[in-house]
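Student: Here is what each chain is made of, one letter per residue.
Protein chains: 2
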Amino acid sequence: MNKQNILVTNDDGINAKGLRALIEVASEYGNVTVVAPELGMSGMSHSITMNNPLYLRRIKESDGMNIYACHGTPVDCVKIAVDAIMKQQPTLILSGINHGANSNISVIYSGTMGAASEGCTYGIPSIGFSHIAHRNNIDFTAVRHYAHKIIKTVLEKNDNPFLCLNVNVPDLPLEEIKGVRVAHATKGYWRENFEKNMDPRGREYYWLTGQFFNIEPENQDSDEWLLKNGFVSVVPIQVDMTDYTQKKAMEKWQIESL
Amino acid sequence: MNKQNILVTNDDGINAKGLRALIEVASEYGNVTVVAPELGMSGMSHSITMNNPLYLRRIKESDGMNIYACHGTPVDCVKIAVDAIMKQQPTLILSGINHGANSNISVIYSGTMGAASEGCTYGIPSIGFSHIAHRNNIDFTAVRHYAHKIIKTVLEKNDNPFLCLNVNVPDLPLEEIKGVRVAHATKGYWRENFEKNMDPRGREYYWLTGQFFNIEPENQDSDEWLLKNGFVSVVPIQVDMTDYTQKKAMEKWQIESL
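Chains A and B are the protein sequences, given in the same order. Okay, so the first sequence: first residue is 2 according to this note's numbering, each after it adds one. Okay, so the second sequence: first residue is 2 according to this note's numbering, each after it adds one.
Heads up, some of the hints might be wrong.
Below, a list of computed lysine-lysine pairs in the DSSO-like style, where the Cα atoms sit at most 30 Å apart [unchecked claim]:
#1 A/Lys-248 with B/Lys-188
#2 A/Lys-253 with B/Lys-150
#3 B/Lys-179 with B/Lys-18
#4 A/Lys-158 with B/Lys-179
#5 B/Lys-248 with A/Lys-4
#6 A/Lys-179 with B/Lys-248
#7 B/Lys-253 with A/Lys-179
#8 B/Lys-253 with A/Lys-188
#9 A/Lys-248 with B/Lys-153
#10 A/Lys-249 with B/Lys-197
#11 A/Lys-229 with B/Lys-88
#12 B/Lys-150 with A/Lys-150
#13 A/Lys-158 with B/Lys-153
#14 B/Lys-179 with A/Lys-188
#15 B/Lys-18 with A/Lys-153
#16 A/Lys-179 with B/Lys-249
Pairwise CB distance ranges (calculated) [as the list claims (entries may be wrong)]:
#17 A/Pro-201 with B/Gln-212: 44 to 52 Å
#18 A/Asp-172 with B/Phe-213: 37 to 45 Å
#19 A/Pro-201 with B/Glu-252: 29 to 37 Å
#20 B/Lys-229 with A/Leu-175: 49 to 57 Å
I should point out that these hints are in silico values taken from the structure, not numbers from a laboratory. As the structure is a computational prediction, the values presented were derived from the model and not from experiment. Backbone N, C-alpha and C define an ideal beta-carbon position, used for all residues, glycine too.
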């Protein structure tokens, strides 16, 4: 296997335990450059920083391991890494390991997957990893184990430069995980229960607290079903959001005559 | 045509001229609720506010016209409007009019389209409108003209509750626009020229300044070609990011044996 030039990023920020676990994994495949957000960027999706300058903090610059923190979003991190920092374009981009699930349509809100899908717009295969638990003391052993298997498979078998994979790992000890399955993002929707409160200055505020409604709970090809049943789910992601089925349906609308 | 219950939002913020133009358009179809970001939120994509509370400022509450500013992202605005503010679920969501283009894959970075695509996750037909010029003194006459035509067509002909349309209008006087075409999001990628500078405290910073590379400039079905040739482009958008073609291709990878 050729030595890789790997960019690692995440959305939980430069100090996250999941990032350290992913750097360890990445370092077994070649040179590693880390550009991760200075601050937590959960829920930042595919956002970019347009109205502020980006500060970059050099943490480590040495042979085979360069680490930077960037005062921007996960997508900013990928852009500044590829277009300004790295001397050679990365051959692989890894994002995560996220603390919390990015299954179902959550991928559209996820900063972890924002970074990964930005990577694939550069024609660089990109993989986002998430552990579905939110708690602080996550054990990343199982994610590391399957990250190695998936990275090796991608390096051996993938020929698509625009590959982007969304990998979620269930909250189970390694020995209880049943294996890996390719899946689709579970169809459903998030609804919010806004918690209303009053700040010390008498101003009302709301906390966004959501819940996912799964409209295909029995679909064994969906990532939610697989995760609930002890599998690691791998969903291939694409960035063309055009709805070609709807486009076809709209031919009847005779929109050309407007 | 039945009276609509319309939610209007944008990403340029509550004070944007484009928002006022869209409120004017919306008010001809029924009751209007506006929930727009307090601050400019360009490039905020599908991001949600997870680590801060959301403040809501009541600007106007009257029969048929309610206006609020929310200290969050465009997607936060849609969520708080539908799940906390509006007594009845909206029948239509309009986002914009954005000051600047949201054609090609820019839709993944766009706050305007983040709000519109969030709307469609609620099963509410949603339309984002953008004028492709960035300058301050945009004349929204042509966008208003075509917004009416497109809204009327959707209300008459659409039967898909998950409809999401991305409408871009060229920078031309109304009489020079050639018509409307349904299109796909132009394939290509953004590359950044990071401008490096030094702040008064001696710290380096970077400005993100991008350029779009069109890999199908002659494709007459692409939104970029249509806009360059004087047409209004309408791209239907979907939120399932699963790449089903890649999923099929990965069957050969035998990932179940990992």
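Student: Determine for every hint whether it applies to the structure shown.
Tutor: Results for each hint:
1. A/Lys-248 with B/Lys-188: Status holds; Cα separation ~16 Å.
2. A/Lys-253 with B/Lys-150: holds (16 Å)
3. B/Lys-179 with B/Lys-18: holds (25 Å)
4. A/Lys-158 with B/Lys-179: Judged against 30 Å, a Cα distance of about 47 Å means the pair is violated.
5. B/Lys-248 with A/Lys-4: Since the Cα atoms of B/Lys-248 and A/Lys-4 sit roughly 27 Å apart, the hinted pair holds (cutoff 30 Å).
6. A/Lys-179 with B/Lys-248: holds (20 Å)
7. B/Lys-253 with A/Lys-179: Answer holds: B/Lys-253 to A/Lys-179 is near 20 Å, not above 30 Å.
8. B/Lys-253 with A/Lys-188: Within the cut-off at roughly 25 Å; holds.
9. A/Lys-248 with B/Lys-153: holds (18 Å)
10. A/Lys-249 with B/Lys-197: violated (45 Å)
11. A/Lys-229 with B/Lys-88: violated (35 Å)
12. B/Lys-150 with A/Lys-150: Violated, at roughly 53 Å.
13. A/Lys-158 with B/Lys-153: violated (49 Å)
14. B/Lys-179 with A/Lys-188: The hint is violated at about 38 Å.
15. B/Lys-18 with A/Lys-153: Violated - the C-alpha atoms of A/Lys-153 and B/Lys-18 are around 52 Å apart, more than 30 Å.
16. A/Lys-179 with B/Lys-249: holds (22 Å)
17. A/Pro-201 with B/Gln-212: 44 to 52 Å: Given about 47 Å between the Cβ atoms, the range holds.
18. A/Asp-172 with B/Phe-213: 37 to 45 Å: holds (41 Å)
19. A/Pro-201 with B/Glu-252: 29 to 37 Å: For B/Glu-252 against A/Pro-201, whose Cβ atoms are near 58 Å apart, the range 29 to 37 Å is violated.
20. B/Lys-229 with A/Leu-175: 49 to 57 Å: holds (54 Å)
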